[in-house]
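Student: First to last, the sequence lines map onto chains A and B.
Each residue of the first sequence is one higher than the last, beginning at 1 in the working numbering.
Each residue of the second sequence is one higher than the last, beginning at 1001 in the working numbering.
These are calculated hints, taken from the structure and not from any lab test.
Wrong hints could be hidden among the right ones.
[As the list claims (entries may be wrong)] Here are the simulated lysine-lysine pairs, DSSO-like style, with alpha carbons at most 30 Å apart:
1) 471/A to 1055/B
2) 1239/B to 456/A
3) 1163/B to 1055/B
4) 1284/B to 1294/B
5) 1201/B to 1294/B
6) 1019/B to 456/A
7) 1169/B to 1284/B
8) 471/A to 1154/B
9) 184/A to 221/A
10) 120/A to 177/A
11) 1239/B to 1163/B
12) 1154/B to 1294/B
13) 1169/B to 1019/B
14) 1294/B to 1279/B
15) 475/A to 1154/B
[To be verified] Per the computed footprint, the stretches of chain B lying under chain A, defined by three or more beta-carbons under 8 Å from a beta-carbon of chain A, are:
16) 1077-1089
17) 1100-1114
18) 1173-1187
Built from N, CA and C at the ideal position, the CB exists for glycine as well.
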Amino acid sequence: MTASPSTQPAFRNTTQDNEPVINDVVIQVATSNGTGSQSANLVLLRTIFQMGVPVGGKNMFPSNIQGLPTWFTIRANAQGWTARRRDADLFVAMNVESVEEDIAALRPGATLVLHADLEKHLTRDDLIVHVVPFGRLVAEVCPDARLRRLVVNMIYVGVVAWLLELDMEEVGRAIAKQFSGKPKAADLNLAAARAGHAWAEANLPPHRPFVIRRMDRTAGKIIMDGNTAMALGLMYGGLTVFAWYPITPSSSLAEALTDFMAKYRHDAETGKATYAIVQAEDELAAIGIVTGAGWAGARAATATSGPGISLMAEIVGLAHFAEIPAVVIDVQRVGPSTGLPTRTSQGDMMSAYYLSHGDTRHPLLIPATLAECYEFAMQALDLAERLQTPVFIMSDLDLGMNLWMSEPFAPPTRPMDRGKVLTAQDLDRLGGFARYRDVDGDGIGWRTLPGTRHPKAAYFTQGAGHDDAAKRSEKPADWQNNLDRLRRKIDGARNNLPQPAIQTMDNPRAALIGYGTSDEAIAEARHILATQHATPTDYLRLRALPPADSVREFIAAHSRVFVVEQNRDAQVAAILQAEYPDLAPRIGGIVHYNGLPLDAHTVVEGVLSKGSYAP
Amino acid sequence: MSISEPAGAPAVAAAPAAKPAPTNRIGETMAAYKGAASTLCAGCGHDSITSQLIKAFFEMGISPYDVAKMSGIGCSSKTTAYFMSLSHGFNGVHGRAAAIATGSYLANRRLVHVCVSGDGDTASIGLGHFLHMLRRNLPIVYVIENNGVYGLTKGQFSATADKGSTHKKGFENEQTPIDCCALAIEMGCEYVARSFSGDVKQLVPLLKGALAHGGSAVVDVVSPCVTFNNHEGSTKSLKFARENEDPLHEVGFVPYYEPITADYAEGTTITIDLPDQSKLLLRKLEHDYDPRDKIRALELCHRAQEERLFLTGLIYHSPVRGRTLAEQMNLVDEPLAHLPEERVRPAAEVLAEVMEAYR
């Protein structure tokens, strides 16, 4: 991971007197990808979750199928802080490729569970080291030598379970859930976990610095990744056409959607599908299919990541200008170019907001939680049809592919909004219509769908200049009027998009704006700033662009505001500066862009170094 | 409401007829199939194709309300404005009409999708979408108005320009042309035709056959650009096409709702059965060609290119009908676009079931 030892005192509880730290631990496991370690890590995560302790899991994996180093981090925290933390308390080193760097990066005093075969790489004496004979242990429980590479991971589950005093009954339940429907695999893995546990019981010193004790803070909650939540939202949003092209980290969204739709969206009587999912030939086709479907009246969406967004630029401009509903989900990864496909960032905010040539701007919805993934997906389908324009949902790899806790989702309470569509009966009553005329003063015209049986229904959709009756026009006034109306339309949507979440403290000494997955690190950082650095903060979490009026009010109410972002150029800060030129000097950025999820420490350091007001 | 009533669209309303205009089987006159006035160059082959499209739709008795006209960018793509103003049209971006049409079809497969595209759209910038549309067997009539040049940008070679064909500035094309018909056959397209914009007698029945086909149908029409590619040395000039067109057969179309009246002698005619029970009758000329043989069809395309033959007619029709995209996807019969909320939003119990699985 990081090459240098972590010397920073981290935001973690340490005990002076050998008392164990309860329910506050970061576990990190280093393995190679393709060895099945994900199952073992999920069993650990689920066990902690079942014991009622808030927990999150972050997978840091290579852009590769088998054999390269991968790390899985589990953070359990009684207060619910599950953002990434820079250092692990308990590290499991299973991978020869990364072991030297892994050990070098550990904080002094951390616990290291080391595969016996890797002992020769141990060069430090400031760690608590448990060398485990994984090879021998797995051979004893797993006679089939071919399976040992997979089953060995469940041995460390047992060792870690003993070290954290996890309830082995819960470990058993978690294994049963992980291997549900495969009883033989479940039995084998449970035996391995028990073997690891028994070995630890017999061989390790009795003192355990970090332990998990039962709580009730996860009762009723679900644990899921954001891509799955978004797929559920699309299904409940009445999506009928979805087109996509495989790209990490959005592919699992399309695959989750495919599974949900196959299971729940076939007509009860005929067994036929009430949806179409197309794996397209590229992202241009994916957005083309979505645009064609939106034009013909379907609720349509695509999901992609940065490189796909780049390819979609031209057709997104068409959909913006010809005013066609479309939902584009961007599960952001690290760019430019191929970048780091399996790492997270918020680097597409600027390019998505202004995507395409000419004067273009698009509503962006920015979820930070599983529930918002679900809700914003539904809402985006409504907004796209209401506004007749592409609407973006800006997720990221951290939210999309990692595991988060949430209250269960509620069924939708509002009916679907199908926007301004005229039927043949409407046209009889009205005697006709002009496709792009602003009859309601909101910049949004009325449209008809192809197939409407009325002599006044048809119009010619084109990306070329047109007048308000959709007739081809190159007249300067027609062009300018159209662009002005489009601006009114997008601007006018700002207070109908998800509104910011604002949290204040008394006597604030700093003001922060954040969005998306930065939220959990910011929340933790604010707690640390207030309790350890006497720096209370006000915080606005942006949930959409263009920004609501309350964003302006928030900035105006503070002499300096720092936008916390996971990109190099403080992209949203720049958008806000452009939005509010009079307030621009107040707006600065605290940025983080190394591909790892944001941690609270970065925010705290940023605020203390430049963000807080003079006392 | 009849489309031809005076209350119709402006394009339709201007014909005060002394005697009633002929109507088709749904009671509409030709006027209901007209579009805006063309802005293409006088004598453009595309305008002739536009007229044949109007004739084909009129004579087939397809309601303009049921038609979606798709196109990309270029001179050819503009023509969707010049026919059937009573149909919705979508003139999108360069090369992506096939993708956009795919979405429109999935949203509402009751619409008859017709795409008019050019050789730049189809064989260059949109080649990938064209091929994948055919792989999916999207029900669409895909007309390529093929003139071998980029007309709207003033005469650059396109990817269908023949080897040795000359540019307006005199130099020759050295690069291998893309044969959209051969590619279409390779991609599994089950209805592939080549024609000439000046061959009205052949083009209309081929278009009707494409409309009756019900799957992907490609009609590659050599359509001379009279402004930028009509010179001596061009293999897509009006003169070259007129002098070299070599029809494989004489094409007749018999719709399912009309009896076959002509009587052909044994062995002179091949009957192509179309899915809606319509028929194409191919009367033998000099060639002894059966378009139901895929290998021969490909061989014909390659031979035409090697020997620079301008062979026209029905190049390939699959005797076996593959499943359309909607059939592959097992879609409900109703347009997805119009499904009511209760059919696209699962019940609350389903959500509860999903939530339980993630606890």
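Student: Any hints from earlier that this structure breaks? Give me their numbers in increasing order, please.
Tutor: 2, 3, 7, 10, 12, 13 and 18
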